[in-house]
Structure formats: C-alpha cells, structure tokens
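Enquirer: Here is how the chains run, residue by residue.
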Amino acid sequence: MPEAALHRELLARMWLNRAFEEKVSELYASRVITGLLHLAIGQEAVAVGACSHLRTDDWVLGGHRSHGHAVAKGADVKRLMAEIAGRATGYCGGKGGSMHLVAMDAGFVTATGVVGGQIPLALGAAFAAKEGGRQQVAVVFFGDGAGQSGAFHESLNIASLWRLPLVFVCENNGYAEFTPLSAHTLVERLARHAETYGMPAHTLDGNDLLAVHDAMGKAVSQARAGKGPVFVECLTHRMRGHYEGDPAKYRELSQLAEWKEKDPIARFARMIETRSGLTAAEHGAIEADARARIEDAAQFAIASPWPDADEADTQVSAGHG
Amino acid sequence: MAIAVIMPALDVTQESGKLLGWKKRAGERVSKGEAILEIETDKAIVEVEAPGDGILAGIRAEEGAVVPFGDTIAWLVQEGEAVPEAQASVKLAPEYREEIRPEGAEMRVALPASGAHGRMRASPKARRLAQELGVDLDGVHGSGPDGEIQAADVRAAADAVQPTGGTVEPLGAAARIAAERTAQGWRSIPHFFVSRDLDARPLLALRDRLAPEIVQAGGVKPSLNDLLVALVARVLRTHPRVNARWVNGSIHHNPDIDVAIAIAVGDAVVAGIVRQADRLDPGAIAARRRELAERAQAGRLQPADISGGTFTVSNLGMFGVDSFTAIIVPPQVAILAVGRVRDAVVALDGRPEVCPMMNVTLALDHRVGGGRTAALFLADLAEALARPEKSL
Amino acid sequence: MAEQSLLEAIREGLHEEMARDPAVYMLGEDVALGGPFGVTAGLAEAFGTQRVVNTPISEGAVMGLAIGAAAVGLRPVIEIMFIDFITLAMDQLVNHAAKLHYMSGGQLKIPLTVRVQCGISGNMGAQHSQSLEAWLAHVPGLKVVTPSCPADAKGLIKAAIRDDNPVVFIEHRGLYWARGEAAGAGAAVTPIGEAAVLREGEHITIATFGRQVAAALEAAAELAPQGISAEVIDLRSLQPLDMDTLVESVRKTGRLLVVHEAVSEGGIGAEIAMRVQQAAFYDLDGPILRLAAPFSPIPASSALDRFFVPGKAEILRAVRGAFRRQGAGG
Ligand SMILES: Cc1ncc(C[n+]2csc(CCOP(=O)(O)OP(=O)(O)O)c2C)c(N)n1
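Protein sequences appear in the order of chains A, B and C. Numbering follows the numbering used here, in which position 17 of the first sequence is assigned residue number 17; successive positions increment by one, without gaps. Numbering follows the numbering used here, in which position 292 of the second sequence is assigned residue number 292; successive positions increment by one, without gaps. Numbering follows the numbering used here, in which position 134 of the third sequence is assigned residue number 134; successive positions increment by one, without gaps.
If we strip away everything but chain A, and leave its shape as in the complex, we get:
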C-alpha cells in the first residue's frame, strides 16, 4: 500500500477504536451497558500499530482492557458492542462481556479478566502456530502490572527457550489500578526482563503510531520467520480512570494534561498532514465515518434481543448444547 493510503488507513483504524471506546463510555454512563469496563482511550496507537501487520489467521490475546485489541484485529464492531452490552447477538451470546471477548473469526482468541492470565495462553497459541507450519504468529497484549506476575516470568522463559513465534506487547501505561509502576517494581523498563531471558526487546513511545508500526513490523517478521519471540514495550497512558466510574483521584491533573498533548490520534494526524498531505476535511470525514460505523454498532446492540433465559447454563461443556 502506498504510504499516503496506509497513513489514512491507520488513522481510520485509530478513530474506529476511539469512537468505539467513547461510545461504550457513554452507554455505560447512561446505564445501557453495565459491568466492569476498562477503556483504552489514549492507547489506540499500540493496538492499531501492532495489529496492522497481522493476518486474519494470526492469533491475538489480551487482558481486561482489550476492546481495542479486538477492534484492531478486525472483529465485527457490531457483535463486539452487542457482547459488551450483554445481548444475544454478541460474539459470545452475552456470556463473556467486556473482559472476556472472543472473536475467533478475526483471530482474537481471548481476553481475560485475570491479570497475566493471557500470557501463558499465548504461549500455547504460538506453540500451536509453530506446529501448524503456516507461518502464523501470536501476539499477546498485557499491562505493566502484569509484569510482576509469576505467569509473565515463567512465560518469557519458555517462549525464548522454545523460540516460539510470539510477540509480547507490553502496554506500559504507568499505572496498575491506582498505583504507579514505580511503586510496584524497581525495573522501570519491563523490556529488561525480556533481555534477561535472552529475547530481543524494544522500548518505544507507544503514542507514536509509526514507532509502534515499525517496531511491530520487524518483530512480527522475525517471529514469522521462525527466529523466536520479541518483546515490544510501548510507553503510553490511559486517558480514563482504571475502570469506568473510577474517579482517578490518584492521578495528577497536570499529568493528564500532558498526556492529552500526546494524544496519539491528534499527534499522528498532525504528522501526516505534512508527510502525506492529510487535509482537515479529509480528517473530519475519517472521524465522522468511524463514528457513524460505531453509532450503527451501538444501535445494533441496543436493538438486539437479550439472551434467552434458557441460555444461562448451556455450553458449560462442549458437545452438550
């Protein structure tokens, strides 16, 4: 794809993510959606940059803050929105919800609400991908908080030992719940753990879409080429509270203002105005298009039926309805 077209495509994907999360927030505030929702507004560049190199048959896994990963991997936004809203038409029939999205048609294997739980699972997807011999790769997203879990360390070791086709994407947004990373570890850059386990690792500005895009391009091709795992640490920031309803009192207002300056979408748009000649009108149209698609998704979700009561305890085991 020529660069100018690629840039516009990436911008559109970021807007799709942003619009999705903003709509979820709005529907939550008005109680159309309930549940424990963790939004990734401000982290769009990581999801979009990372997934832009993936094939549909590559595997992606995420954690509790993973709406955007599923959207960026190409899952149907209508079915995602319906799932988060608990409707029968959602990807999981309403059984999964915000923290447990699965969209196998798009290669989104699972999200999990247990911090760190996705990392060993991703090892498995990578293991299977390697055995499958079709140059598939697996990508796992997790936060800085997960970097202090046992599962994280055990998984880094096995991935590098067995040279699994896996890209670890750490979204270091500086906070786990209400606590800054510095209060959880003396290791400021989680990429250093990967080095310890003998894995190539990069730390980069996660609000710079092109930086993520470039680094992920190399990481994914290394994994695809059978040269083992890569660790990519993206420094970023979530613009909302830890979960919807979190007043985020622990965060300095100045800090928020600083990160608003670094809003990955505005920044990228400014950059491609010069580099690819994006006009304000074009940008406006791209945003409007994304918002329209998401509005459609929201209307689809709202109009969808609730799951039938009889569904409550079906699918407990495979092969039993």
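Mixed in with the good hints there might be a few duds.
What the hints assert, rightly or not - EDC-like, lysine to aspartate or glutamate: derived pairs with alpha carbons at most 16 Å apart:
(1) LYS249/A x GLU38/B
(2) LYS24/B x ASP53/B
(3) LYS312/C x GLU218/C
(4) LYS23/B x GLU62/B
(5) LYS32/B x GLU26/A
(6) LYS130/A x ASP57/A
(7) LYS78/A x ASP105/A
(8) LYS18/B x ASP71/B
(9) LYS252/C x GLU218/C
(10) LYS312/C x GLU106/B
(11) LYS99/C x ASP164/C
(12) LYS221/B x GLU291/B
(13) LYS18/B x ASP53/B
(14) LYS32/B x GLU49/B
(15) LYS262/A x ASP205/A
(16) LYS227/A x GLU131/A
(17) LYS32/B x GLU22/A
(18) LYS249/A x GLU40/B
(19) LYS24/B x GLU62/B
(20) LYS252/C x GLU180/B
(21) LYS249/A x GLU47/B
To be verified - A short, non-exhaustive set of chain C residues, derived as facing chain A with CB atoms under 7 Å:
(22) SER58
(23) GLN92
(24) VAL94
(25) HIS96
(26) GLN226
(27) SER229
(28) PRO294
(29) SER302
Calculated directly from the structure, the hints in this document are not laboratory data. Heads up, the beta-carbon is just placed ideally off N, CA and C, and yes, glycines get one too.
Please arrange chains B and C with the ligand on chain A, whose structure you already have, making use of the hints.
Expert: Same frame as chain A, now just chains B and C with the ligand:
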C-alpha cells in the same frame, strides 16, 4: 438538538449517586468538557463535565438529591430551543435485583423427585414415630407431596386409635420444656452407668454431729443429701471432665461447680441450682436448698435459680428407692442418682455385719469419658464419704 | 440504634485490631489507597504504609510472604480482592498455610487472615463473580467465615485476626453497602464456628449465609401468615460448621432447606445435607432441599446473571414445594 445531561454511572456495584451541587446555573452557557456539577458516591466526589455545548436548562435534580444512574437531570439547549418533555427512552440494562426482576424471570428451583416408586412413601421421621406409637403405616393417609406420609399424619393416626373415654392431662409450658429437654438428653447423649455401694456410717455420724450446732445457731438442719452435695462438689474439683459441658464436639470445662438438686413441687420436679457448692459448708447448702424449695412452692423461682447447673444430684431415698439410673440434662455431662440409706449385711473384716449402706449411680456422657473416668470419680467420692471431715 | 454499612464495619474491625496489636499488618493490591471498594480507606493514614502495604500484582508471592511472616510471629491480613484470584495463590494457601502447623508437629502457627470478596454484583462476568467457599472449606487446616450483617462482619474479622490459624474471610460484594445495626466501638468478637439462629420456627429450617440471609428472612416473614413457620440460620462459619445448632434445629423442624449462591454441585449445601441426614435421619420429615446457582460459569449479561442469585421468590417456591399437597402442583 437538546442534549441530555445524565446522572452518570460512577460505580460498578451501586445504582445511584448523590448530587452535591451545580457549578453552573440554569441559563448559563457551557461548553463541552466544562465541569457543570459535582456528585458523590461512596468512594469519591466527582465533577461531571458538560456532554456538549449549550445553555443549561430544565434542571430536575436539586442539591442533595440521590439520583439513579442514567437518569436525565438537566438539558443543554440551543438559543430559543425548548426543554424536551421527557427523557428519550433508552432501554436500560435489566438488574438482577429481585425487586425489579420481571415476572417469570426467576431461576430454576430443583424440587425433590416425586412419584411413588412401588414402596410406600413415608418420611424417616414418620417411620420412627409409627414404630414408637405402634401405628401401622399401611392404614395411614399421607398428606405430603405426592401422598407422602409425614410425621403429622402418623400422629393423627395414633390419636385416632387412642381408646376413648380416658382423660388427657395437659402439661404446663415448663413441664413440656422439661420433657423435651429430657427427651433430647436421652436421644443425643450416649449414656453409661457406673454404680457403687457406700458405707453410710461416717455420713450419718457427721449429720448427728453437725445438725445440733447448726440448728442452735439458727440455721437449717442439713439433710444427708445436703452433706452429700457438699462432698460431691468438693470431689468434682479434681474431676473437671465430670463437671463439663459438651459443646460442638468439644469438652468445655466449667469454671464453677454449680450443683443442681432435684426438688419436688407437687407432681413435678425442678432442678434448683446451688452455685459454687464446693465453697459452701453443709449449713449454707441446707439454707439454699430450703430457699429453693420455698420459692418453688410459691411459684417464684427466678431463671437463675434453675438454669446453668454444671452437675446434677438426684435423690429418691425419701421414696424408699434403693438404687436407680438418671438421665443427663444437656449440656451437662453427668448426673448422680442416690438411693436410700438401708441396713444391709456386708462383710466387714471378714465377718458378716449389718451396716447402713447407700447406693450411688453415676450416669456419664460417654463422649466425655469412659469407665475409668466414672470409676475414679466414684472412688474419690467413696473416699470423701469415708472421711468427710477431711474435705469439709 | 447506630447504623453502619458492612464495609464500614469491616474497616472498623481492621482498625481496632491494628490498633490493639502491632503484629497485625495489611497487605494487598492498593490497600493503602483503600482498595477498589474503599474497605481499607484510612488505614494507611492511621497506621502508616509500613503496616498497610501496597503490593504488586503477585498474588502467589504475596500470599507466601504473608504465610512466612505469620510463621515467625506477625499476624498479617492479606487482601486478595476477588475470590476468583485466590486461584493464583492456592499453592501457598493450600499446600503451605493450611498444613504447616500439622507438618511441623505443632511448632509453627499461621495466624493469617485472607480477605476476599465474592458473589454476583455489577455484571462482572465469569471471572469476577464466583462463590468458591466450598473449595476452601474442603482444605483441612483452613477456617472459612462469611458475615451477613455489619455486626458480624466486625466480630468475625476480629476473630479471624486473633485466631492462630489461617482464616479466609469472605465478603459478599453485594452486601458492602447493606446497612444494619452497628457493632459499636470495641465490640465483641464473634466466635468462629457458631451459627446464629436469626428467626425461630417450627416447620422448616432454612440454613444459609452471606447475601441469601436477608432473602431467607424475608421469605420466612412471608410464609408465617400462611401457616409455615420457618427457622432461619445464618451459618456465619463454613469451616468449621456449627452442626450442633443445625442438627438441633432440624430435630425440631424435621425439614431443611440449604441456600447458597455458589453453584449447586459439591457446595457447602451438599456437606450440610450429608451431615444432617447422618445426625438426624429419623427426625427428617421430608427430603433435604438445596437452592443454589446453576452448575455453570456465571454469564456477564445482566439478562442472564440474575438466574444465578437465589432470592426470596426461589426460597418461597422451594419451601412451598416441600409442603405441597398431593395433586396441588408446584
Ligand atoms: C490476578 C489478578 N489480580 C488482580 C486483579 C485486579 N486488577 C484488575 S486490573 C488490575 C491492574 C492491572 O494493571 P496493568 O496490568 O498495568 O493493566 P492496565 O489496567 O494498566 O491496562 C488489577 C490489579 C486481576 N484482575 N487479576
């Protein structure tokens, strides 16, 4: 178009928030992102931003109001635009809370299997009662689910076959409770009994020596049983397991020795408590016994007079009974049944002699102690009885 | 009557114990900031971050740390947040905390309190809504308690902290803001292992705990004018169970309904049914009944998770079913 200002959901597990105050007045122009009100949840005070540009209008929640999340509390209108009538209807997520659970949205409830399976359906309790009351279940009408015979059906059947013409003796509340407690004690406590015949001469001698002194000093003449209670209480000091409670599968040693003595009131018997009997001399025990008896006759026993005993002494000697066994009163773990003093021929120093003897039978909760525990207690009691002045 | 919420009562109990005994420490994710629901709010201010310690998201290591510290003399209180995450600390809790006293021939004591919250509330889905008390009650060496009212919340958290054994203290999230009579400053400890008979009755015993206690009391009140007198028992302690109280009650009523929010199979209800029928079989005037969540993970959708919370309506249906006459239907 007017934009609704809603009470935003601010907590995952709550349904409403409190409006602390408006930061803008009705009629003021606000722009998107500006703080327009403050609300409070259990956790924090939060500023709410304007959802768009416009003029604040149609405020419908005042300061201090507790407003359900999702409710419209005001509008942002454009110049000249009217405040909309009602909130645009949004389909709210249903709640699991029962009060607002729609009709028919209850969970499934598994009821026990029904339908007869050849065998007669009767509850275990009904079967037990039938046996106890001699009722043949074949003829009993079952009133339970699917015709199951329940306890009430058996009782009804038993009542129906009672010979007519007899009289029913109704029981007072206290007697019913006592009966129920006795039944409970018998059912739940594994009783076993250990007996011993004791030489009553030292006890008789002691009474003959003490009684005149006490009476002279204006006290109550101690009975043989009062003396026995005094001795038993002192022996219990070195047998904490016999002076214990059985609670929740463990043995609780009682800090005090509070001996219950059976007192006849008309046809009924109440157990009056002599508190810390091990610290009372025979005169004090006699006085307490008299006090309990008087109150019992007058029907003025206090709860403290009859509850909380740690060991019971029951004496049927005055009715000419030689020996008997008694039922433990839970949560106590032992009871001593005392017979009359009677002349018996016993071997003393290898020669038959007539000697006043007294039989005591200890009933003990087998969960608390075995034969050894009971035997050692009786041995010490025999020893105390042989030389009463040593312990009194 | 002074009132408080269950959450405030727990906080007060923690506060009093920390003030009473300098060996008591709090550990957990964001506990110094109050935790996600504010239970520990103010404790760090009162006792310092030396004793109210924020931990990384390292449940296994932190559980082990708390156990080790307990073994050598501290009395740690660790917060695991959602009971669902206790899975990450199970090795330390089950293979170590529960067994060290035994394996050491009594040399070691593990005076550890593990705080977790459980239950369905807020449509959080399968990994944040479980009731896993039966797993824990199945482990010899662990005690498991769960309060249904503020006074017991305070009394039991104090008892847990003072106990020389590992005690899992389960808080039902749906009860955090439920108000009730306050225990009051310096209030008594609620002994572990004692159930509370909250309402006396003659025809059926309803044994339950946590959120279902209120539902059972409401149901009992509704049944009374219809001639069914229900006795309501709040178990409070799930390990050990107060079998004496249960058995005595069933001997009187002849019937038992056990209610819990945990899934039906292999739950506390099964254990109670087994032991009651053993102790009081010939006093049973009908089958023992169990009301529990379907045997299924918990769905996120608000349209589905309500089928997993036994409430008054279900209790009424179950009780009436037990007294249903022939042909009268259910
Ligand atoms: C095993 C486990 N422990 C605790 C939690 C509670 N929890 C949910 S999100 C979170 C913080 C996660 O931080 P991080 O990994 O940095 O991800 P972020 O929220 O910043 O995206 C915590 C502690 C959990 N979900 N799982």
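Enquirer: Hints first: check each against the structure and report whether it holds.
Expert: Against the structure, the hints come out as follows:
Restraint check for LYS249/A and GLU38/B: the C-alpha separation of about 14 Å stays at or below 16 Å, so the hint holds. Between LYS24/B and ASP53/B the alpha-carbon distance is near 13 Å, which keeps this suggested pair within the 16 Å criterion. A hinted pair counts as satisfied when its Cα atoms are at most 16 Å apart, and LYS312/C with GLU218/C qualifies at roughly 6 Å. Distance hint between LYS23/B and GLU62/B is fulfilled; the C-alpha atoms sit about 12 Å from each other, no more than 16 Å.
For the given pair, LYS32/B sits about 14 Å from GLU26/A by alpha-carbon distance, which is consistent with the 16 Å threshold. For the proposed pair LYS130/A and ASP57/A, the alpha carbon gap of about 13 Å is at most 16 Å, so the pair holds. With a C-alpha separation of about 14 Å, the suggested pairing of LYS78/A with ASP105/A holds against the 16 Å cut-off. Of the pairs offered as hints, the one joining LYS18/B and ASP71/B holds, with about 12 Å between alpha carbons and a cut-off of 16 Å not exceeded.
Distance restraint check for LYS252/C and GLU218/C: the Cα-Cα separation of roughly 21 Å exceeds the 16 Å cut-off, and the hinted pair is therefore not satisfied. Distance restraint check for LYS312/C and GLU106/B: the Cα-Cα separation of roughly 10 Å lies within the 16 Å cut-off, and the hinted pair is therefore satisfied. Restraint check for LYS99/C and ASP164/C: the C-alpha separation of about 13 Å stays at or below 16 Å, so the hint holds. Note on LYS221/B and GLU291/B: the hinted pairing holds, with a Cα-Cα distance of about 13 Å set against a maximum of 16 Å.
As the CA atoms of LYS18/B and ASP53/B are separated by approximately 24 Å, the hinted pair breaks the 16 Å bound. Annotation: proposed proximity of LYS32/B to GLU49/B holds, straight-line Cα distance about 7 Å (limit 16 Å). For the proposed pair LYS262/A and ASP205/A, the alpha carbon gap of about 10 Å is at most 16 Å, so the pair holds. Between the alpha carbons of LYS227/A and GLU131/A the distance comes to roughly 14 Å, so the proposed pair stays at or under 16 Å and holds.
For the hint pairing LYS32/B with GLU22/A, the CA-to-CA distance comes to about 14 Å; that is within 16 Å, so the pair holds. Restraint check: the Cα-Cα separation between LYS249/A and GLU40/B comes to about 13 Å, which is no more than 16 Å; the hinted pair holds. At roughly 12 Å between alpha-carbon atoms, LYS24/B and GLU62/B fall within 16 Å of each other, so this suggested pair holds. Of the supplied pair hints, the one linking LYS252/C and GLU180/B holds, its CA atoms being roughly 10 Å apart against a limit of 16 Å.
With a C-alpha separation of about 11 Å, the suggested pair LYS249/A and GLU47/B falls inside the 16 Å cut-off, and the hint holds. A hinted interface residue such as SER58/C counts as satisfied when its beta carbon comes closer than 7 Å to some beta carbon of chain A; here the least separation is about 5 Å, so the hint holds. A hinted interface residue such as GLN92/C counts as satisfied when its beta carbon comes closer than 7 Å to some beta carbon of chain A; here the least separation is about 11 Å, so the hint is violated. Interface restraint check: VAL94/C against chain A, minimum CB-CB distance 16 Å, threshold 7 Å, status violated.
With a cut of 7 Å, the hint placing HIS96/C at the interface with chain A is violated, because the nearest CB-to-CB distance is about 15 Å. For GLN226/C, the suggested interface contact is broken, since its CB lies about 28 Å from the closest CB of chain A, more than 7 Å. Given the 7 Å rule on beta carbons, the hint for SER229/C is violated: about 33 Å separates it from the nearest Cβ of chain A. Interface restraint check: PRO294/C against chain A, minimum CB-CB distance 4 Å, threshold 7 Å, status holds.
Satisfaction of the interface hint for SER302/C is found here, the shortest Cβ-Cβ separation to chain A being roughly 5 Å, below the 7 Å cut-off.
When each numbered hint is compared with the structure, violations occur for hints 9, 13, 23, 24, 25, 26 and 27.
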